[in-house]
Structure formats: C-alpha cells, structure tokens
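Chains as they are written, first to last, in this note's numbering: chain W, 5 to 252; chain D, 5 to 252; chain F, 5 to 252; chain Y, 5 to 252.
Among the hints, a few may not be true.
Put simply, identical chains are the same to the list, so a pair is met inside one copy or across any two.
Unchecked claim - Calculated pairs, SDA-like style, for lysine to any residue (alpha carbon to alpha carbon, straight line, at most 20 Å):
#1 K127 to V251
#2 K127 to L250
#3 K175 to D144
#4 K162 to D31
#5 K127 to R216
#6 K127 to D30
#7 K248 to T97
#8 K8 to A21
#9 K127 to H239
#10 K127 to P140
Calculated directly from the structure, the hints in this document are not laboratory data.
Protein chains: 4
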Amino acid sequence: MAIKVGVLGAHGRVGQAIVEGVSAEDDLELVAEIDRGDDLQQLVDAHAEVIVDFTQPDSVMGNLEFCIAHGIHCVVGTTGFDKERLAQVEEWTKQDGAGNVLIAPNFAISAVLTMVLAKQAAKFFETAEVIEFHHPTKLDAPSGTAIHTAEGIAAARKEAGLGEMPDATEKQLDGARGANVDGIPVHAVRTRGMVAHEEVIFGAQGQSLTIRQDSYDRASFTPGVLVGVRQIADHPGLVVGLDKYLVL
Amino acid sequence: MAIKVGVLGAHGRVGQAIVEGVSAEDDLELVAEIDRGDDLQQLVDAHAEVIVDFTQPDSVMGNLEFCIAHGIHCVVGTTGFDKERLAQVEEWTKQDGAGNVLIAPNFAISAVLTMVLAKQAAKFFETAEVIEFHHPTKLDAPSGTAIHTAEGIAAARKEAGLGEMPDATEKQLDGARGANVDGIPVHAVRTRGMVAHEEVIFGAQGQSLTIRQDSYDRASFTPGVLVGVRQIADHPGLVVGLDKYLVL
Amino acid sequence: MAIKVGVLGAHGRVGQAIVEGVSAEDDLELVAEIDRGDDLQQLVDAHAEVIVDFTQPDSVMGNLEFCIAHGIHCVVGTTGFDKERLAQVEEWTKQDGAGNVLIAPNFAISAVLTMVLAKQAAKFFETAEVIEFHHPTKLDAPSGTAIHTAEGIAAARKEAGLGEMPDATEKQLDGARGANVDGIPVHAVRTRGMVAHEEVIFGAQGQSLTIRQDSYDRASFTPGVLVGVRQIADHPGLVVGLDKYLVL
Amino acid sequence: MAIKVGVLGAHGRVGQAIVEGVSAEDDLELVAEIDRGDDLQQLVDAHAEVIVDFTQPDSVMGNLEFCIAHGIHCVVGTTGFDKERLAQVEEWTKQDGAGNVLIAPNFAISAVLTMVLAKQAAKFFETAEVIEFHHPTKLDAPSGTAIHTAEGIAAARKEAGLGEMPDATEKQLDGARGANVDGIPVHAVRTRGMVAHEEVIFGAQGQSLTIRQDSYDRASFTPGVLVGVRQIADHPGLVVGLDKYLVL
Numbered sequence: 005m006a007i008k009v010g011v012l013g014a015h016g017r018v019g020q021a022i023v024e025g026v027s028a029e030d031d032l033e034l035v036a037e038i039d040r041g042d043d044l045q046q047l048v049d050a051h052a053e054v055i056v057d058f059t060q061p062d063s064v065m066g067n068l069e070f071c072i073a074h075g076i077h078c079v080v081g082t083t084g085f086d087k088e089r090l091a092q093v094e095e096w097t098k099q100d101g102a103g104n105v106l107i108a109p110n111f112a113i114s115a116v117l118t119m120v121l122a123k124q125a126a127k128f129f130e131t132a133e134v135i136e137f138h139h140p141t142k143l144d145a146p147s148g149t150a151i152h153t154a155e156g157i158a159a160a161r162k163e164a165g166l167g168e169m170p171d172a173t174e175k176q177l178d179g180a181r182g183a184n185v186d187g188i189p190v191h192a193v194r195t196r197g198m199v200a201h202e203e204v205i206f207g208a209q210g211q212s213l214t215i216r217q218d219s220y221d222r223a224s225f226t227p228g229v230l231v232g233v234r235q236i237a238d239h240p241g242l243v244v245g246l247d248k249y250l251v252l
Numbered sequence: 005m006a007i008k009v010g011v012l013g014a015h016g017r018v019g020q021a022i023v024e025g026v027s028a029e030d031d032l033e034l035v036a037e038i039d040r041g042d043d044l045q046q047l048v049d050a051h052a053e054v055i056v057d058f059t060q061p062d063s064v065m066g067n068l069e070f071c072i073a074h075g076i077h078c079v080v081g082t083t084g085f086d087k088e089r090l091a092q093v094e095e096w097t098k099q100d101g102a103g104n105v106l107i108a109p110n111f112a113i114s115a116v117l118t119m120v121l122a123k124q125a126a127k128f129f130e131t132a133e134v135i136e137f138h139h140p141t142k143l144d145a146p147s148g149t150a151i152h153t154a155e156g157i158a159a160a161r162k163e164a165g166l167g168e169m170p171d172a173t174e175k176q177l178d179g180a181r182g183a184n185v186d187g188i189p190v191h192a193v194r195t196r197g198m199v200a201h202e203e204v205i206f207g208a209q210g211q212s213l214t215i216r217q218d219s220y221d222r223a224s225f226t227p228g229v230l231v232g233v234r235q236i237a238d239h240p241g242l243v244v245g246l247d248k249y250l251v252l
Numbered sequence: 005m006a007i008k009v010g011v012l013g014a015h016g017r018v019g020q021a022i023v024e025g026v027s028a029e030d031d032l033e034l035v036a037e038i039d040r041g042d043d044l045q046q047l048v049d050a051h052a053e054v055i056v057d058f059t060q061p062d063s064v065m066g067n068l069e070f071c072i073a074h075g076i077h078c079v080v081g082t083t084g085f086d087k088e089r090l091a092q093v094e095e096w097t098k099q100d101g102a103g104n105v106l107i108a109p110n111f112a113i114s115a116v117l118t119m120v121l122a123k124q125a126a127k128f129f130e131t132a133e134v135i136e137f138h139h140p141t142k143l144d145a146p147s148g149t150a151i152h153t154a155e156g157i158a159a160a161r162k163e164a165g166l167g168e169m170p171d172a173t174e175k176q177l178d179g180a181r182g183a184n185v186d187g188i189p190v191h192a193v194r195t196r197g198m199v200a201h202e203e204v205i206f207g208a209q210g211q212s213l214t215i216r217q218d219s220y221d222r223a224s225f226t227p228g229v230l231v232g233v234r235q236i237a238d239h240p241g242l243v244v245g246l247d248k249y250l251v252l
Numbered sequence: 005m006a007i008k009v010g011v012l013g014a015h016g017r018v019g020q021a022i023v024e025g026v027s028a029e030d031d032l033e034l035v036a037e038i039d040r041g042d043d044l045q046q047l048v049d050a051h052a053e054v055i056v057d058f059t060q061p062d063s064v065m066g067n068l069e070f071c072i073a074h075g076i077h078c079v080v081g082t083t084g085f086d087k088e089r090l091a092q093v094e095e096w097t098k099q100d101g102a103g104n105v106l107i108a109p110n111f112a113i114s115a116v117l118t119m120v121l122a123k124q125a126a127k128f129f130e131t132a133e134v135i136e137f138h139h140p141t142k143l144d145a146p147s148g149t150a151i152h153t154a155e156g157i158a159a160a161r162k163e164a165g166l167g168e169m170p171d172a173t174e175k176q177l178d179g180a181r182g183a184n185v186d187g188i189p190v191h192a193v194r195t196r197g198m199v200a201h202e203e204v205i206f207g208a209q210g211q212s213l214t215i216r217q218d219s220y221d222r223a224s225f226t227p228g229v230l231v232g233v234r235q236i237a238d239h240p241g242l243v244v245g246l247d248k249y250l251v252l
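Based on the provided sequences and hints, a complete structural model is requested.
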C-alpha cells in the first residue's frame, strides 16, 4: 500500500520539485497539492497520511496545528523555528492520536549522512580534518555545514577519550593549517564552477579514510524529504534534524 | 589504569609492529612478549588481561585454549580458522570465567570501516558502485575486499527494499561497466605505485557521497588491533570480524 | 583595446550564454547579436573582429563564407562538418585577407585540457587508466571523451617507446579490468546526480599522478569559447579542435 | 643500443635503489658502481655515457669535474649547490667535448609534473587553489613544493593577464581561506598515515580541473632519475630542475 502524501507550498519551486519526486515513487501516492489560500480540509478528505511543508514562517504553524491534530505526520523544511515554536509543536504532538513531526534545516541527504558517518568514524582515527569547497560568491568561510561537521567530530573524539591531534608544525605561513573548530582544522576552498562539496579526512597509522559529499545542484533536497516521508511513522513526537533518521 | 597486554608471536614482523604499537599508547601496558617455545604461564604471572596472537595455525589453538581458560581475552589475527576450529573456540568461551575472543581476517580499520559505513549509507541512495585500486602485481580482480564490500551494499539495498539500479547503457565496449557483483558494478584499477585503495560512490538526485579508503603501507593493521584490545572486554564470547566492533 | 565580437545564433540557449559571457569580460566588446534572418552586413558595419557561430548546419557555411571573406575570424561550435565542408572552409581561409577559423566539437575547456595534459604526462609513467563518471541515463559506455582520451594516451605512449602496461591479473570477474581502448583500461561509472566527470590515473614507482575533470553544468562551454575568441588572431587558417590552442 | 650508466654513491640507500632501477630497464646498461674511495677512471674504462650522482657535497664537485671533462653526462641529486658551484659547473660544461649536467633538487616526477602541468593550465581558469597533505610530523606548513607550485601558478596567471581571483568572503574564521602565496590560497592538511600528496584545483564556469600527485613511498625518485638519464644527451650544458625535461 502506497503512503498517501500531501504537499503544502506545492506551487513554489521547492514544492514543485517535491510534487515531482513523490509522483515518481511507486510506494508513495500524491493525494493533495495545497498552496496559500487552499482549504487544509482537502488533506483530510484525501486521507493524507504524511504532508511535506516547504511554505513560509507565517503559515507553517497553522498548517502544523491542523495536520498534527488530524493525525497527519509532518515533514517540514520551512524555516523560522525558534525555541518557542519548537516547544509549541512538541506540545501538539503529545495529544492523543497526534501526527509525528520532523523539522530539518537541511534535507541534502549526502551532507547530513557525511556528518552522521563522520561522527561514527571519528573515534577510531588519530587525526581528522575537514575541507569544504564552494563557489567564490559565498560570503562565509567555512560553511555552516563544515563547522557543524567539525563540531560533531570533536564531540565524538572527546567522548571516545581521544586527546589533542598530533601536529608538529613549527613554522607556518599564516592560515596554512586552516581554521580551528574545537581543535579540528577546517579549510575552505572557493572555486568557480563548484556548487557545494565537503570532504572529511581521517588518518591512522598507514591508512586514511575519506568521506566526501558533492552537491551538484541546489535541488538536492528531494531524496532526503522522501526518507522523511517514508520513516516518519516510526519516529513518534517531534524530531529536529534528518540525522536522527539516518543512524542505524 | 592501563590494560595489561601480552603479545604472542612477538618476534615476527607483525608481532614487532604490535609490540611497538602497544608500547606507544598511554592506556595500554605491554607486560609480556611471547614467541615459539616460551612458557605461556608468563602471561598469567604478568597479569595479562588481553593477548594479541599473530602466530601460526599450528600453535594458535593451544594459545587460545590456555588464555581463554585463564580468563585472558584474545585478539587474534592468525589465519587458518575453519568451522570446526571456530566451534571449538566458541565452546571454550562458554566456560565459567572464560576470556572473550575476537578473530578477524582483516585488521585494516579504514577498510573494515568502509564496509560498515557503506552498508549504512547504501539504503539511502539510488545508485552505488565500487572502484578498487591496487599495484599491477596483484593476481585477482576485483580484490576480495571490494567484492565483500559490494556484497554488503547489495544486501543492504535488498533489506531496504531498493530495486535494481538505473542504467540506460545501450551500447558499450566490453567491460566498460565493470564486473557485476550481486548487481553492484565493481571496477578494478591497476596502477604502479599504489598499494591498496577502495572507493564507494553513492548517487542520489543532485548529489553523491563517496567513501574512500587508502592503505599506504602494508603495516596498517596496528590501529585495528588496538581497537580490539580496548573493546574486547565488552564483547562476550566469540566474535568473528572487526566490523562487529565498529558499528554503533 | 577590447576585441570586437559578434555572436551568431544569439537568440538560442547557447548563443544567449555566449552573449552574457562576452559582455562580462573587460577585454571583449559585444558589437552584434545576429540570428536567423538578420543581415550579416551588420557585422561589417559594427567592425566585428571575431564572430562566434553556434547556429545550424544549414546556415553555418553561408555565415563562414561571408565572414572569412570580410577578414572576420570565426569561432565555430556548430555541428555537421564533414571532410568536404572542412576542405571548403580551408580553401576560403587561403584568400588574401581572409579571417581565421576554429571549428571545435567540444568547448568544455577542462575536458579538452585533460586530454592535452594527459598526452603530455603519459610518456613519463608506467601505467595509465581512465575512469569516467556520468548520470545513469547515458546510453553509451565509455563516453566518447574517455575513449578519445585513452586513444591520445596510447598514442603518446607508443611515440615515447613505452611497451604494454604491466598487469599480473590471472583470475578476474568479467569486466573488472574495464574496457580495453588501444591497451588502456577505461572504466565507466553511472551515478545518479553526477553530470560528466573524467579521471586519468598515471602510476610510476612509489607515486601516482591524477588529472580529473568535473563538469557540473551543461553550460560549461563559455570559457573555452572565450579562449578561442582571444587567441584566434594568432592561429592562421583553419584549426580543428580547441586542443591546438591549449598546448604551450 | 643500451645507454651505459655509472652510479656514484652506489652503496648508499638512494644509490642502491638507482642501481636496481637502472638494472631493471632494457634500454639502460649498468656499467659501474662507484662509492667513496673508488677510482673514477673505472667510469672511463667501462665507457659510461651517463653517471648518476647521489653522493655528498664534499665529493660531488670532484666527481663532476672528472666526468664532464671526460664527456660523460651527469644526472645529479646531491645537495649543496649554491650560485658559485653552479657557475663553476656551467663553466666546465663549456669546454670542448664536455658532458651535459642536470642538477635537480626534486626527482619525484609526479610532483615536478604537477608543477609543470599546473603552470600550463593556470592561464585558462578563473580560480586556482592548492591543497597539500602530509604526515603530522612535518615541521613546516605549507610544504616547499606547494609554495613553489603556487608561485608558478601565480606567475602563469600574471603572464596571461589574469587579475585577482574572485572571493566574496566577508565573514570568516581565522585561517579558513588558507595561506596566501602570491594571491593563491594554499591549504596544508596533516593526516596520520599519509606520506606526501598535493592537489591543485582550477575552476571556470560550470567546471573544474584537478591535478593531484600522491607519493606513497619516500623512494619515488627513481622514475625521474631514469628520465634524466635517457634525455640528458639532448640537453646541452647545465640544466637546473627536472621540469625543463618535462615540458613538451
């Protein structure tokens, strides 16, 4: 039996991509395309089991309140969630018969998996460094994703009881060894033509392990959204971050 | 408190490397170096908690029987274990106060982790291929490790309900799409100068994830042996394969 | 002084990209945008020094005859040139005061340079292999570019007196060692999400050299066209293939 | 006819590797193995056409004076050449019937070729960055080779009239964008297990080109020495740097 899916914000650029993505899958059935001004009751009438919400901060809370109360699970890529909003959503999910909610800032599954796998590998290697590659019009360096990855690695190392990494550098040109994020060197490369890419390099005696992620296209969120749609029934309450769905 | 470690086969090439590896770690203490002809009682006298055995098929069973019976855990890289031997070792570990045993054919932690992480990632991607790189004096293609990796990916895909991979190839030169291992293409590159390297490439809409392992040196088993030594107290009975120690 | 450039086929998708590309450069001046039905005389009136022609096989010969006769150099990406057409164009370039012509089937400068540099490196290494990566909707394997690259490497090896490459493989799964193109193994990987990528791996004792090209976007012809525009005045007569412009 | 080769410093570690390397080649014939105290006249008696000198600063000048005067070409990896010594050697090569000389600080052919090819590619790309990877016991960052590579790229860009590279970075963690070597960002990664590796990344609209060099083994000088031995007869006088032999 295919999972019945409704898409909110269905006429936006992202919404359209998700409508196409859902329609292409055999185990999913697109039952409603909703956009601003449409009646949410359509979702109930169409027996939607899961909705995907890529709308706006001013409409998402209303959407969630309605869907959760009707037992419809919600996969949410809309931005603007602060502590209060998250607390409110969590409250709603505690009602009897409430739908589950996944709110994720990043649905690029290769990027999220890189963080998940890197945290797992980190505890087995003596050294770890992160290199990220973006187009030269990017304003910040390193990228938020790379900083987040390095923080995850640093935390995993600490938990595993690993100490400071070896580095005999005595003489260096300023900046050569990268930015220091919780003890993990992070290097930012800016190359015309590239989109968004990240590489994590782990080293141990006689060997290295590299985990690399390449985004070739800004529309790389669909596979991660589909993972959310398929698994949300098994993740009760509110979950923040797609990574929770990707760990074994 | 440092873990007290004894090394069997301590005068061999591998044994020497392990002796050095153990000696270099603060949380491990080398308490005995045993080689052919030495009395195993030394291990008991030195209060060894874990032994590492890289000896020969003709001596390893005697070593294990003695150590297990004395409650000493055994990390074993010696070859020659068939079904009967494994059954016998398992039997020994069931005695009261018995030591635990890890028997692994491959201690190269980056190679073993590549398999572990690849199995985990496999279920989230539409396509997967494996490329392995070795020196041109290698006799078999693809390598056993690459075949094993591909089998693990195929099994993970099946478990996740993923079907056949897309491939529109209509016209090809013989061999261009690699060897087919359970539906996963595997390519073998033979390059002078290289040692042993493996790359797993996963693809999904707009993105890819690559896990790559490089062995620069045949003596890359030490870090994996140390993982075994540190964790064996938490893995009761007989465990075959280092991968069981690397999964979360 | 900026080079005065006219674009033919200026309203097509490729033409538009070139119009934008020319306009963005300080040392180039866009002086005419011509499309089907427009009078070529505009090019002369605007003092165009170089034209770029991405039009159709049915119009390109007329365009070239006119421009060459008026001493305007022609950078041509239009397809459909057979031996007779090339001979005719060459004939035209021999007139007094004729414009120069560059006809190239591939303006992706990273792909063309990969071939140029690979040919140069080939003669210094014992082994060479090619891996190409494309999306899984590609019909042929390996790609034409990869085959062309392998042929170039094979020719360079032969010229340098290098013999057959070492390969001790005795036991293999069918296809593991790739397709054989003039003695060079070529492997084709099909990964969802990728666009067009190629890797050439050279090996010698204790070391390897890798040249890799990534196309992230089908519209990657512009930089190569600009190289043609800037250099064409220095390449008299007819030149076929951008590679002739990229060698030192 | 095989080229007759003598090795000076033949009993040293490097000398031994070169003796083996020469012996393994069909087109070369090892005719003399000389070490400290041996009579150089042996070289003449054995009709050596080329010698390879990996000796010491205190003996190399005597060796060169003798060989050059006897019309024997000299491939030299010995260190300690300053301006005066180079001038003296050049003087010697100007005699009638003098041998040619190649003095090179680096015979790792993949590293030297990376510099040569990078300089060639540099003029066709909008951006260029260098990443080098070494073991964590290295004292300087970036490596001398990486700095030298970046300087070569910067010079090639300048010669081609390319301006400053685009970089919109407004907000950065200190060091994220690497060290600045003549305007080229250079990043130094320190990974346990790695030996010496360098990557040059060029970017243009919609594409990138990467040239990567891996040294897996400190004994990677042999292939470069053999290039020197084979080509030295065609390079009259004194040449400093193997790169002069690698350009088309």
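A quick look at each hint next to the structure:
1. K127 to V251: both (16 Å within a copy, 11 Å between copies)
2. K127 to L250: both (18 Å within a copy, 10 Å between copies)
3. K175 to D144: Between copies only: 5 Å across chains, 27 Å inside a chain, cut-off 20 Å.
4. K162 to D31: between (42 Å within a copy, 15 Å between copies)
5. K127 to R216: both (18 Å within a copy, 17 Å between copies)
6. K127 to D30: Cα proximity of K127 and D30: across copies only (16 Å, versus 39 Å in one copy).
7. K248 to T97: within (17 Å within a copy, 36 Å between copies)
8. K8 to A21: Intra 17 Å, inter 42 Å, cutoff 20 Å: intra-copy only.
9. K127 to H239: Between copies only: 18 Å across, 27 Å inside.
10. K127 to P140: Between. Shortest inter-copy distance 18 Å satisfies the 20 Å Cα cut-off; intra-copy 33 Å does not.
When held up to the earlier numbered hints, the structure conflicts with none and fits them all.
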